[in-house]
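Enquirer: Here are the chains, one letter per residue:
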Amino acid sequence: MRNLTNGKFTVLLLVGALVGLLLFVLACSSSDSAAAPSAPQSAAPAAAAASASGGPGAPVAPAKAAAAEKAAAPALGSVRNTPVPQPTRAVGADPVKVVPASWTDGHPRGSTRVGGTVKAMVPAGLAHHDMHQSVTFNNMGPQIPMYNGLLYFNPDEYGVFTPGADLAKGWTLSGDGLSYDFDLQTGVRFHDGSAFDADDVVATMDKILNPKEGVLSMRKIAFDSVDSVTKVDPLTVRFNLNREDGILPKSIAIGFNVMVSKDTLEELDYDLRPAFDAPGTGPFKYMNHKQKEVWNLEKNADYFKDGLPYLDRLKIFHGTGAAAAAALLSGQVDYSAWLNKGDGDKIVAGDFPGYKSMTWGVYNNTAIWFNSNRKPFDDERVRRAIFLAVDPHVMLALWNSTRLGDFGEWVPPQSLGGTYSRSLEELAETPGWRTPTAEDVQEAKDLMAAAGYGEGSQIQFLARGSVSSQVEGMAQILEETFGIESELSVSDAGVYYDKVWSGDWDITRATWTNMFGDPCEIWRNVLRADSPQNYGNFQDDRVDVAVNEVCRLPDGPERAESISKSVQLLDEIVPTMVLDWPIGQNAWNDETFELNPQAWTTNYWNHNIWEISALK
Amino acid sequence: MTQYLIRRLLIGIPTLFLVSVLIFAAMRVIPGDELSVLFGQDEGAAKISDELREQLLADLGLDKPIWVQYGMWMGEVATGRMGSSFWRDESVGEVIARRGPISAQVAVLAVLFSYIIGLPVGILCAVKQDTWMDYVGRVMTINFLAIPNFWLGTLVLVGMIIYFDWMPPLEWEPFWVTPWTSLKQSLVPALIMGSAQAATVARMSRSSLLEVMREDYIRTSRAKGLSERITIYRHALRNAIIPVITISSVSLGFLLGGSVVIERVFQIPGLGLSMIEAVQDRDFVVVQNLVLLYAFIFVGINFLVDVLYAMIDPRIRYS
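Chains A and B supply the protein sequences, listed in that same order. Using our numbering, you'd call the opening residue of the first sequence number 472 and step up by one each time. Using our numbering, you'd call the opening residue of the second sequence number 5 and step up by one each time.
Hints are computed from structural coordinates only; laboratory data are not their basis. Beta carbons are placed, not taken as given, at the ideal position from N, Cα and C, and that holds for glycine. A hint or two may mislead.
Calculated pairs, DSS-like style, for lysine-lysine (alpha carbon to alpha carbon, straight line, at most 30 Å) [claimed, not checked]:
#, chain 1, residue 1, chain 2, residue 2
1, A, LYS786, B, LYS68
2, A, LYS763, B, LYS188
3, B, LYS68, A, LYS683
4, A, LYS1036, A, LYS1087
Each pair of labels, with its calculated beta carbon distance range [unchecked claim]:
#, chain 1, residue 1, chain 2, residue 2, range
5, B, LEU187, A, ASP862, 34 to 44 Å
6, B, TRP155, A, SER973, 32 to 42 Å
7, A, SER894, B, ALA62, 47 to 57 Å
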């Protein structure tokens, strides 16, 4: 071989020098970035107790008539470090036994076709396989058919979430309201043949309540009233509470809270992220999958609900938007979720005979967050001023220009059948929720001036790129009304959340997730000092007290009153500005696929509807 | 010649090393939260504690010193496993083995189409220079050069859905299982990808052929009484095709990288789609390995082009 020429040697030397320089730069930058962008620490321990007032808790069945002594509600103020309240139910109150219905009651139906394969396209681009660690519906699509929960929601009525029986036949609420005993179904087996019993429930709940190091637990906040879950006997488990919890059965019924076997959990060290085929008890068993392409599931012939599921197989393809519409209309799938705005409307309009479409509340909310750690938004006068001046209908219209959405407020009008939400007519008269009047705008300006920002200011407005129309609209309103100039910073999701957690922003538009639209569930996730989705680090004892009270009370007039007072409080101090409630759009081939639209509208997040779906 | 080729191979090594360092560095300096895909993106995200964040980063190997991370990656590349994806339940090597042939199939078909379409057009334009056939050919080639293939692909896809109720199959049939079905699946995307390449081939072959046709030996060939067909195809084309081979061979490398867009449009589960998914998920390992793979392919293709040169033209002997 000829020797390298001087020219070539020089080139190699230069390359080597360049590489060395790069490594040096990297080494320097790695020492600066070694402290990864850190999430703000929870500033205070979780609010330990609700206020000590209220009556018996009976989420579904009416409580037996019993005299209840009502302790005086504490004055609004700090309740941190408040001792756990004493039981508030009347001495000697009887336990309440609840045996809820199940959506599978009445199935199997003789008229329903048995067998066949349904193909569906849903978001299925899951990054891992642990439902307890997931907060995205990408896990729901392919995985929920393989599992059951203790309870799931019955699709009785749109937006009304009634916990129904699944792996638990029902529950008994203790006389003091501090424990729930769940009676488990008999003869249930996991897909690997092992028997399901109380040990599996205890292990699963332990994973949720006390996640191991390095394991997330996204629904832990939903069980902040639960001290422990213990085994009473092989078919009975007890949830031991530190306070009354009016919505515990609903929290249990959240679709992500699937039951997994203790053996599987121990084998995988309580981290199911890599386990795409962790055995469940569900109506379908795992066959195979190609990540972010397709999941193939087959019927569980030993399913504990006799005669179900109807289908032999499920094929779950990954896709949304235009791909979902195209796949459906070309006949490649029977059902598609998350169609783009307009595609579903065309199906509804009859442009595609034989196909049907429906809309459903996504149970997320979008909102403007204020950075409560920085001026000027640490001042509630500033927040309320903006709240009064921004027209929420304009914000909704901007959202609806590209997506589907509905009017949202502290308790979304669509949630729970509108039980606790203010009517649209009432909101149309309420400052902050109505189109601003001249008086509203003047009051807003007065508040801003009183806070010291009457002459305008500059703020950093953080936004995710896909939702910039609302951001730009908001920025324009701020400038025109208050002279506030916004420096817009738009980025994709990964960079966006990096910036959010860093706290280097003043105002942002963000989405928060909730499962069934209950005010406790929403506010606990978002508004408390320890809330995992409290992007603005908002902290106010009054709100913590209010949220805890709403969470403690069972459905009924007392709860309604508590919610009403809380809503008024939130209107005053404005921790965040709710903008809208996104709406999803699904569609299906009505000639091939038998679908219960009601079930799907309520329960995409939460429901194992595939077990009663069938081909026509 | 042999020495030249060996030197060419050896120079590929520092090239690949440089690419690996660049992409490794780029992945670590770009902004964004590596863990955002773990706790939700579109639906909102949840705060996690600093301790949990550190633990999760450690699980991903991102807590180790940079040179250790790089060394570990190189070790995985050497063993063929190429590292474990952050968020996939398969190694990068398995992803490449599963999806690579799909991308290769579409890219190779695209190159074939580019020759099947582009070469005859280029020859026709050269032979019929300054006639209406030449003008039409040139206008068409310019059009297909200018039109972005993602736009064309979307247009074709929408048209086929609306007018023929057709859309790309959701499940990809492997070529070795059902060859004909697999080819049918690749046809439309390969045509789209090949259209711009065909335009390039046509223009290059036209200009190259025009140059060769003015050579003395072509005049001699005609003077000897040989038919125009033999003059063009046996004498002129062989010389004219050398630069065309260079261009289209390099294009094969671009097609593999540029397939990202077409794979997204047609939902082809190839390496391009894997790249998009990995970038969105901030899956460093997958991005690094795919970029390195593309670099390797480019180096390899360039090497093969040189070999092909020497085979086609006996005058070319490297020293």
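Enquirer: Look at each hint and say if it fits the structure.
Expert: Now the hints, each set against the structure:
1. A:LYS786 - B:LYS68: violated, 40 Å
2. A:LYS763 - B:LYS188: holds, 23 Å
3. B:LYS68 - A:LYS683: holds, 22 Å
4. A:LYS1036 - A:LYS1087: violated, 50 Å
5. B:LEU187 - A:ASP862: 34 to 44 Å: violated, 57 Å
6. B:TRP155 - A:SER973: 32 to 42 Å: holds, 38 Å
7. A:SER894 - B:ALA62: 47 to 57 Å: holds, 52 Å
Comparing the model with each earlier hint shows violations of hints 1, 4 and 5; every other hint is respected.
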